[in-house]
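**Q** Knowing the structure of chain E, use the given hints to seat chain V on it.
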Amino acid sequence: MPEDVLRPKVLLLDDDAEVLDLYKEILERLPSQPMIQTASSGARALALMDSETFNLLISDLNMPKMDGLQVISIVRRKYPGIRVVVMTAVGDSQFRNRAYAMGVDLYVEKPCTSQEINQFLDCIESLVEQKDEKVGFRGIQSKSLTDILQLESLSQSSSILKITNGSLIGRIFFLNGQVIDADHDELTGEEAFQEMLSWNTGSFEVLPPDSTRERTIHVPVDTLLLECAHLIDEGQAENAGEVTGQGASGESPEGHLTGIVKMKGIEFALIGDNQSGETKESWGLENPEAMNQWARETLKSFSEFGDKMEFGVVNQVVGYGEQRHVGLKVHSDVDICIGFHRNLTKDDVSSKIQTIISKWGS
Amino acid sequence: MGILNLFRRKSSKNELKSIPSGSFTVDRNGDFLVSTLSQKFSPELNHELGNLVVKTFRSARNADLSLNELKIVFPGVDITAKEMRGGAIIFIKPKKFGN
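So the protein sequences, as listed, match chains E and V. Using our numbering, read the first sequence as starting at 1 and increasing by one per residue. Using our numbering, read the second sequence as starting at 1 and increasing by one per residue.
To be clear, the hints were calculated from the coordinates, so they are not data collected in a lab. Among the hints, a few may not be true.
With a cut-off of at most 25 Å between alpha-carbon atoms, the simulated DSS-like pairs for lysine-lysine come out as follows [as the list claims (entries may be wrong)]:
(1) K65/E x K93/V
(2) K93/V x K264/E
(3) K9/E x K24/E
Chain E residues, not near chain V, derived (Cβ > 10 Å throughout) [claimed, not checked]:
(4) L187
(5) Q194
(6) R213
In this text, a Cβ means the ideal position worked out from N, Cα and C, and glycines have one as well.
For reference, chain E alone in the conformation it holds in the complex:
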């Protein structure tokens, strides 16, 4: 048996003493040999969690005084790192959606057959085995967006999956387990779906379905996911290679610029190495070197001035002109320079810069 410190700790919450005894016995036999504690009320469970750290909470929903959803909402706020599984007899999709919206990792109906019990135990084992990872969508930690989509599809859900990644928000519309549409920023349909699939982290919530939503995606979910995986792989392969898109106007963007230039209102984009001063990537510029030099000098001069004045690090520099606008931003070891169409308002320019930086971070 592994040392106690290495064994995962699971808290089992149910108001039925028999259920607690039964699942305690079953769960202790898992290969990871978790240490199981039990609580017959929400208050007791919270008290236990105050006194020691658990890896996983398995909670019933229907309980007197404090119900499972109330417990979960407190747990999510106080202990955001703990994984939460709802195991309940409540099959109502409303509660399922609410629980997932609150960020539970798994919602299962109490297993009845030996096959269901085995499946349930597999899921629990997989959850307690997982180490903390930074990648993962809040709600189902360590599950990729693909997993979440497959879950929604398998459960034949009709819902809207709202996905948030920093300041980026997208929605995927499900009808009877099929993806019928998606939207993100100015993108819709498959294009928006593909964009969201490229996000590595974020959070999600399940919203009630929109029955009036027009279907724009007619491809089965599995096919969609396969196509997206293929596109993402291709993108990663491009990024991994030599990135020197010194493109003249009209040339196809490469590397990091691929996502940026898809946005409406972008006239040109350039990424410069702020250490070496070299142009790393550019798109839509006749003379990227001149632009890179201007961007670099401008950011450097204002950064130095900010230091001298104790204004802090320059966040961004935006220039407005009658022909086009331009936004400059230092991000890590690169200078980002984006040209915007003159019709964009100042607010549009500012919000697009933020969006680009969020995308970059993801």
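**A** For chain V alone, coordinates are given in the frame of chain E:
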């Protein structure tokens, strides 16, 4: 009594610098013309900022960018500069947090 000294705050004569608020104008050479900024704001720094802005407008033109306004965003202050016949009017506006 010695141990109590550990908890006593060290007096400091350093004052936190407040960020000035106001505007000033510079000519095409970056020379200072008129200002509404507090006297506490060093004239040298005024001059430096004016020069920097004029130079940035000029160098942008060399990079095929014709700009008539610049906004420089710092965590605590926004600087807006509008081009005026080669010179510029520069606004310094500290950010109000919590609004």
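**Q** Each hint needs a verdict: does it hold in this structure or not?
**A** Consistency of the hints with the structure:
Only pairs whose Cα atoms come within 25 Å are accepted, and K65/E paired with K93/V is rejected, the gap being roughly 54 Å. As the CA atoms of K93/V and K264/E are separated by approximately 31 Å, the hinted pair breaks the 25 Å bound. Between K9/E and K24/E the CA atoms are separated by roughly 12 Å; this keeps the pair inside 25 Å, and the hint holds. At roughly 27 Å, the least C-beta separation between L187/E and chain V is larger than 10 Å, which holds for a residue marked as non-interface.
For Q194/E, the requirement that its beta carbon stay farther than 10 Å from each beta carbon of chain V is met, with the minimum near 32 Å. At roughly 38 Å from the closest C-beta of chain V, the C-beta of R213/E stays outside 10 Å, upholding its exclusion from the interface.
When held up to the earlier numbered hints, the structure conflicts with 1, 2 and fits the remainder.
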